[in-house]
Amino acid sequence: MRAFNYSRADSPAAAASQAAQVEGAKFIAGGTNLLDLMKLDIETPVHLIDINHLGLDQIEATPEGGLRIGALVRNTDLAADARVRKDYALLSRALLAGASGQLRNMATTAGNLLQRTRCPYFYDTHQACNKRNPGSGCAAIGGVTRQLGIIGVSDACIATHPSDMAIAMRALDAQIETVKPDGSTRSIAMADFHQLPGNTPHIETSLTPGEFITAVTLPAPVGGTHIYHKVRDRSSYAFALVSVGLILQKDGTGRVAVGGVAPKPWRVEAAEALLPKGAKAVSERLLEGATPTDDNQFKLTLVERTLASVLAQARETA
Amino acid sequence: MPISRRNFMILGAVTATAFAMPPFISLKAYAASLEQPAMSKVTLQVNGKPQTLEVDTRTTLLDALREHLHLTGTKKGCDHGQCGACTVIADGRRINSCLTLAVMHDGSDVTTIEGLGMPDKLHPMQAAFIKHDGYQCGYCTPGQICSAVAVLKEIRDGIPSHVSPSLTEPPKLIAAELQERMSGNICRCGAYSNIIEAITEVAEVPA
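So the sequence lines, in the order shown, correspond to chains A and B. Counting in our numbering, the first sequence runs from 1 upward without gaps. Counting in our numbering, the second sequence runs from 1001 upward without gaps.
Only chain A is shown next, with the shape it has when bound in the complex (with noise of 0.2 Å):
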C-alpha cells in the first residue's frame, strides 16, 4: 500500500473541499471497498480524509413522509430500521442479500452507492482496463465474462456495478444530497446517480471533484408487495448474476429493477408499464439493444425467469 496522510474532517463542507484542494485524495468511510483496492495498488490516495465522525449515521423522517438516511448509516443498521423493515422492505431485503454480516456493519450507505465494480480485470493490475487505467483497453471483452454485464455497457467497458442496495435505491426513486467544495448543496436522483461507461468508463456518477454525499432521501412510501431476489453462485456471500427488485402494486403495476446486468441499477419505467403482460414482455423490453457475450447471454434468460418466479412470489402474498 502506497503512504498516505490521514486527518478527521470537522463537517462535510469541510470535507469536500480539503478533497478538491489535494489531488488524490479520498474520503473513507467504512474502507471495505477502499482498503481492499488501495492494498493492491487500484486505489492510490496521498490523503485519506476520515468522515466517520461527522453525525451522519442518523434515518430521520422528512416532511414529505419518506426518510433521510445519513450517508454513514451502516448497511446494517439501515437494513434493520423498523421504519425501513414496514415501508420499504425491498432496501432490507437488497441490503441483506449483500456481503457478509461483518462487511454489512462497517460498509456505509454513501459508500455501499460508489463501491467500484467487481469485474476481475479491474482487480488485476496486470490486465488492461478502462477503468483502472484509461485508454489501456478492456481485457474483459474477449476474455471470461460469465459475471459481466450484457447491457447498457460499451467497447470500452463491460463492468457491472456490483451493489444490491443501489438496485433498490433506484426502484424507490432515491435522491443522493451533496455538498459541493464551495458549501453548495444538491440532489442527484438516483437515475442520474450512475453513470454509462461509453468511452470514459473511469467516470463512474456524476459527483464532481470533492463533491460530499451527506444523506440518501426517499419518497414517502408507495405501498405493494416488496420482493428482490439475487440469483449467485453460492446461496449467500457472494454478488449476484442477477438480481431482480420487484415493487407489486394490488392493481398489477409496479416498478422493477434489475442487477448484476448492467453499469448501474437497471430500470427502464417503459417496461414497467408491460407488468401487467407479464414477465416476458417486460424482460424484453427492459433488456432491448442488450449486447451479450456467449458466455453471459444465459443471463437474458435468467432475469425473465427471475423475474417470472418473483411476480409468482408477489401474486401469492399480495
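Calculated lysine-lysine pairs in the DSS-like style (CA-CA distance at most 25 Å, straight line):
1) B:K1172 with A:K86
2) B:K1076 with A:K39
3) A:K86 with B:K1153
4) B:K1153 with B:K1121
5) A:K39 with B:K1041
6) A:K39 with B:K1028
7) B:K1028 with A:K26
8) B:K1049 with B:K1076
9) B:K1153 with B:K1172
10) B:K1041 with A:K26
A few chain B residues that don't get close to chain A, going by computed Cβ distances all over 10 Å:
11) Q1045
12) T1052
13) E1054
14) R1066
15) L1069
16) T1111
17) G1117
18) P1119
19) P1124
20) R1156
21) A1175
22) C1189
23) N1194
24) A1203
25) E1204
Partial chain B-side listing against chain A, Cβ under 8 Å, derived:
26) L1034
27) P1037
28) S1040
29) G1081
30) G1084
31) M1104
32) S1147
33) I1159
34) H1162
35) S1183
Bear in mind the hints are in silico, worked out from the structure with no lab data behind them. Glycine included, each C-beta is placed from N, C-alpha and C at the ideal position.
Given chain A's structure and the hints, the job is docking chain B onto it.
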C-alpha cells in the same frame, strides 16, 4: 486523534486555504511530502486495556493487534475481507479487522479472541467449539468464535438476515439463520456442521 507534526503542518496548509479554490496541492507536490511514511498516534481500548500506539497510517487494525500488541490470536487469512479469519468485535460489532485502519479506531473498544476468554477461563463459545469439535486446523477458529458471539447478539437485538422469513417478526435462533449469518467466516477444513452445533448449544443457554 493526535497527529504527527509533519502531518499537522500539511493539514494546516490545507485548512488555511479552505474555500479558496487555488492554491491546489498537486499530486506530485503532495506525494513528495510522503517520501517517509506518515505516522500517527492512536489510543484504543483492547480487551479492556487502554493502548496507545504510534503507527504508520497504513497499518490495519489487524496488523496493529498482531504486530504491535502481539495479540496473535486474531488471524490474517486473505487480508481482503473475504475469509473472516480476522474478525474482531469493535464497539460491540463484529468487523473484518483487515479492512479497517488502526487510526480509524482512536477511542474504539476492541475485543479479540484473547479478550473473550483464555485457556484457564474459556468463554462459553470457546468451550462449545472444543466440545463439538468446531475446527480441524484451527486457523479460522478465533474469527469464527468472535463472529459467533456477535451473531447471537445480532439475533437477540432483532437484526434480520437474508433468510429471515419476515422482516417484522424477530428472527429465530435456528440453524438456517446461523448458517446465513456465519457466511462471512470461511472454514477451509469444512467444520461448518460442528460450528453450527457449537453455536446452537450456546444459543440455547439464555444470555
